[in-house]
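Enquirer: One line per chain: the protein sequences are S and U, in this order. Mapping of the first sequence onto numbering that gives the first Met the number 0: position 260 corresponds to residue 259, and the numbering continues sequentially without gaps. Mapping of the second sequence onto numbering that gives the first Met the number 0: position 417 corresponds to residue 416, and the numbering continues sequentially without gaps.
Hints listed in this document are in silico derivations from the structure and should not be mistaken for laboratory results. Don't take each hint at face value.
Per label pair, the in silico range of CB-to-CB distance [to be verified]:
| hint | chain 1 | residue 1 | chain 2 | residue 2 | range |
| --- | --- | --- | --- | --- | --- |
| 1 | S | H67 | U | Q113 | 11 to 21 Å |
| 2 | U | E184 | S | E223 | 55 to 65 Å |
| 3 | S | L159 | U | D357 | 26 to 36 Å |
| 4 | U | A21 | S | M56 | 48 to 58 Å |
| 5 | S | W175 | U | Q366 | 49 to 59 Å |
| 6 | S | H67 | U | E382 | 21 to 31 Å |
Far from chain U, some chain S residues (derived; all Cβ distances over 10 Å) [claimed, not checked]:
| hint | residue |
| --- | --- |
| 7 | T1 |
| 8 | L25 |
| 9 | F66 |
| 10 | G134 |
| 11 | F138 |
| 12 | L208 |
No experiment lies behind these values; they were computed from the predicted model shown. Every residue, glycine too, gets a C-beta built ideally from N, C-alpha and C.
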Amino acid sequence: MTAWFLRRLGQILPTLLILSFGIFALQQLMPGDPALILAGEDRGDPEVLRQIRAELMLDRPLLEQYFHWLWRLLHGDFGFSWRIRVPVGELLLDKLPVTAQLATMSFVIGVTIGVPAGILSAVWKDRPLDWLVNGIALFGISMPNFWLGIMMILLFSVQLGWLPPSGYVPLWEDPWQSLATTIMPAFVLGTGVASVLMRHTRAAMLGALSQDYVRTARAKGVAEGTVIARHALRNALIPVVTLGTIEFGRLLAGAVLTEQIFSIPGFGKLVVDAVFNRDYPVVQGVVLATALIFVALSLLADILYMLINPRLRAA
Amino acid sequence: MLRRLVLTLLLAASAISTQASAQNLRIGLREDPDILDPTLARTFVGRIVFAAICDKLFDINERLEIIPQLATGHTWDDPKTLRITLRAGVKFHDGEAMDAEAVRYSLNRHLTMQGSFRRGEINSIEAVEVVDPLTVIIRLREPSAAFLSQLTDRAGMIVSPRAAEAAGRNFGLRPVCAGPYRFTERVAQDRIVVDRFPDYWNAAAVTIPRITYLPIPDSTVRLANLQAGALEMVQTIDPDDVPAVRRNARLRVSISDELGYQSIQFNIGNGQRAQTPLGQDVRLRAAFELAIDRTAINQVVYEGMYVITAQPVPPANPFHVAGFIPEPRNLDRARALIRESGVRTPIPVEMTVPNNPDLRQAAEVIQAMVREAGFELRINAMEFASSLQAATRGDFETYLIAWSGRVDPDGNTWTFLHSRGTQNDGRYSSPEADRLLDAARIESDVTKRRDLYAQLWNVALRQDRARIYLWHRRNIVAHTARLSGYVAVPDGLIRPQGLRLTP
Chain S
0 MTAWFLRRLG
10 QILPTLLILS
20 FGIFALQQLM
30 PGDPALILAG
40 EDRGDPEVLR
50 QIRAELMLDR
60 PLLEQYFHWL
70 WRLLHGDFGF
80 SWRIRVPVGE
90 LLLDKLPVTA
100 QLATMSFVIG
110 VTIGVPAGIL
120 SAVWKDRPLD
130 WLVNGIALFG
140 ISMPNFWLGI
150 MMILLFSVQL
160 GWLPPSGYVP
170 LWEDPWQSLA
180 TTIMPAFVLG
190 TGVASVLMRH
200 TRAAMLGALS
210 QDYVRTARAK
220 GVAEGTVIAR
230 HALRNALIPV
240 VTLGTIEFGR
250 LLAGAVLTEQ
260 IFSIPGFGKL
270 VVDAVFNRDY
280 PVVQGVVLAT
290 ALIFVALSLL
300 ADILYMLINP
310 RLRAA
Chain U
0 MLRRLVLTLL
10 LAASAISTQA
20 SAQNLRIGLR
30 EDPDILDPTL
40 ARTFVGRIVF
50 AAICDKLFDI
60 NERLEIIPQL
70 ATGHTWDDPK
80 TLRITLRAGV
90 KFHDGEAMDA
100 EAVRYSLNRH
110 LTMQGSFRRG
120 EINSIEAVEV
130 VDPLTVIIRL
140 REPSAAFLSQ
150 LTDRAGMIVS
160 PRAAEAAGRN
170 FGLRPVCAGP
180 YRFTERVAQD
190 RIVVDRFPDY
200 WNAAAVTIPR
210 ITYLPIPDST
220 VRLANLQAGA
230 LEMVQTIDPD
240 DVPAVRRNAR
250 LRVSISDELG
260 YQSIQFNIGN
270 GQRAQTPLGQ
280 DVRLRAAFEL
290 AIDRTAINQV
300 VYEGMYVITA
310 QPVPPANPFH
320 VAGFIPEPRN
330 LDRARALIRE
340 SGVRTPIPVE
350 MTVPNNPDLR
360 QAAEVIQAMV
370 REAGFELRIN
380 AMEFASSLQA
390 ATRGDFETYL
400 IAWSGRVDPD
410 GNTWTFLHSR
420 GTQNDGRYSS
430 PEADRLLDAA
440 RIESDVTKRR
450 DLYAQLWNVA
460 LRQDRARIYL
470 WHRRNIVAHT
480 ARLSGYVAVP
490 DGLIRPQGLR
500 LTP
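With the hints as extra help, turn the sequences into a complete structure.
Expert: Here it is as structure tokens:
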């Protein structure tokens with residue numbers, strides 16, 4: 000187990016290094032000169048532009064900029080936001096709890112709805128319940144987040160006045176208010192996750208239910224509930240766990256549109272504003288943090304497989 | 000059971016969420032401001048926050064007249080020497096005295112700090128001299144009719160020298176000025192909180208204890224917040240939302256003309272892409288303009304809310320030339336001009352358009368209009384930052400571009416129409432226009448100066464068709480009926496002095 004873990008870690012390090020260069024090179028692909036944007040309405044003054052480029056090292060070769068960035072990164076310094084001059088590391092630490100809370104709530108909603116719905120619709124395949132669940136799932140996948148978000152705001156905030164329309168209150172400041180500000184965006188995101196999880200759980204369950212070991216179990220007279228829960232579900236969960244971790248990673252990467260609609264100051268809103276303002280250090284910081292989260296989650300998924308399916312432990 | 004639980008939770012949450020008070024004025028902004036340092040800041044929304052925390056030497060009123068704020072008055076000793084007298088007993092938020100030394104420090108900071116965005120606005124300053132604690136003299140390199148108006152914005156904001164020295168480049172993280180509110184906290188992209196400053200020189204005009212600025216980019220959501228009572232005021236709403244706000248008895252809307260304009264810039268001389276029939280033949284540019292019906296665009300896209308124009312200076316400004324109005328749409332004349340030019344129709348034209356829904360829609364209406372005259376307009380919608388870069392490089396044929404506007408007409412004209420103007424991306428160049436722009440810049444007599452601008456419009460706009468001015472937008476501010484005392488000034492800022500909020 001330890002050897003396996005170290006091997007995995009050995010694979011991760013080069014991945015991260017390549018990734019870091021990719022992230023840095025991305026800025027070259029972004030159209031629009033950051034100096035022009037930062038200069039604002041003084042963009043016509045060559046002296047202003049020269050000063051900005053010099054200050055931000057934009058006048059140096061890309062590789063030099065990269066190594067400078069990497070060097071500081073290895074010292075835990077992400078640089079500072081060009082727009083508001085706050086250290087990027089501080090911004091990331093500020094936004095991470097927000098996005099983590101939203102992602103967790105969305106994920107819980109997604110799993111609570113998605114997995115049971117998938118199981119039910121597999122067990123009652125081709126029955127009205129299956130059709131109903133499938134219909135709802137299709138609706139959930141096809142519904143654009145921004146539309147559902149705005150409709151919910153109009154209904155629950157403007158018409159009924161139950162929930163604050165947007166904004167965010169930290170959990171430790173006021174737990175009630177924090178839940179009130181995040182429940183709508185979490186629901187919007189959660190329904191999307193639920194639909195995807197439901198479709199995959201259903202497919203995986205159908206596959207498992209047609210396996211020999213399930214027939215054997217049934218032939219031995221094992222109760223149907225036990226067959227479904229212990230024999231089929233456990234095997235069916237492997238692809239669902241993979242997908243679940245990817246979905247959770249996606250949520251942690253920041254729900255760009257949803258955060259924008261609900262003015263949730265998380266990763267998504269941070270990265271969108273940074274891209275539009277060509278605030279490269281912030282973009283790089285967010286993308287790098289997101290990449291780290293994905294790497295960590297895929298490691299977690301591998302560990303979970305082994306816990307769920309003992310056969311993988313030997314490999 | 001579950002439903003009842005959910006309902007109870009929601010109701011409990013809502014009890015806390017939508018409560019309103021007279022203690023906190025919550026204002027929804029279009030975007031998150033940039034750094035709150037008057038020397039380094041550049042966004043419009045940032046100026047809204049500065050209106051609460053940083054007083055300026057001078058301000059403007061709703062008639063665009065320059066009025067004293069931290070100053071008590073000014074005199075020109077000669078056209079290059081400005082004497083400013085200061086208000087006595089004014090304190091910065093850190094308790095330091097606001098005096099002539101602080102004014103000198105702040106102006107020099109604007110002039111010399113690395114990365115200053117104010118330098119360009121006040122670089123006609125040669126020296127700032129302290130006469131006595133309440134008098135400063137500003138010496139200019141050359142006479143400037145626009146100079147005083149620069150001191151009505153961020154260049155005129157006076158910062159506490161002690162705080163600025165201590166914080167250096169990080170001053171914007173905790174700005175210390177002499178405004179009615181002092182900076183309390185900022186959570187990036189979430190909120191900026193300011194609290195009433197008890198020692199403000201005009202404390203009687205300030206009644207609301209706290210203001211919270213909340214950036215909410217989506218205009219539908221911003222309005223929903225106002226309707227739901229989660230905001231008391233929004234900086235701007237879309238023109239097509241105005242009827243809904245007017246129908247709501249609990250809300251008020253306030254509309255004022257802005258200082259800027261929307262225009263179409265032609266690439267006449269910037270690189271290869273200027274070598275098009277439209278870029279080279281003034282008759283075709285005239286035909287293009289004659290094919291456009293500004294009133295119809297205003298109706299279709301902006302509910303008739305904006306003010307159509309043919310010049311860069313809005314009607315509220317004393318330098319607006321009343322007789323210079325848009326020519327009515329005239330397809331016959333447009334077609335005749337195209338025939339005269341000998342260019343075969345359809346004439347392909349590309350228009351770069353910043354990727355906003357309303358501008359795209361306006362571009363589509365223009366596309367349909369000019370097609371009837373014989374132009375095949377292709378719309379190139381581009382994200383704003385990219386479109387700016389393309390324009391600077393000369394990578395455009397026509398560009399649908401707005402300008403936020405300045406109090407003094409020089410700020411709306413010189414840099415865009417002068418051959419040395421740094422935002423003259425189409426490289427229009429005319430010695431006659433240059434002469435008029437330079438003369439208007441130093442003319443202090445209002446009537447004579449307005450006349451110079453009238454001549455300029457005739458040369459640059461009617462004769463040379465360097466640019467088409469389409470409309471002046473309007474500042475549309477909406478707020479709860481509980482808020483009173485808001486005065487709409489054309490710069491679109493929200494000045495907290497005089498605002499009252501009832502529970």
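Enquirer: For each hint, tell me whether it holds in the structure or not.
Expert: So, going through the hints one by one against the coordinates:
1. S:H67 / U:Q113: 11 to 21 Å: Between H67 (chain S) and Q113 (chain U), where Cβ atoms are some 19 Å apart, the hint holds.
2. U:E184 / S:E223: 55 to 65 Å: Distance hint for E184 (chain U), E223 (chain S) holds at roughly 59 Å.
3. S:L159 / U:D357: 26 to 36 Å: holds (30 Å)
4. U:A21 / S:M56: 48 to 58 Å: This hint holds: roughly 49 Å between Cβ atoms.
5. S:W175 / U:Q366: 49 to 59 Å: Holds: the Cβ-Cβ distance is about 52 Å, inside 49 to 59 Å.
6. S:H67 / U:E382: 21 to 31 Å: For H67 (chain S) and E382 (chain U) the Cβ distance comes to about 28 Å; the hint holds.
7. T1: holds (41 Å)
8. L25: Per Cβ check, L25 (chain S) is outside 10 Å of chain U; nearest 15 Å; holds.
9. F66: holds (24 Å)
10. G134: holds (22 Å)
11. F138: holds (20 Å)
12. L208: holds (29 Å)
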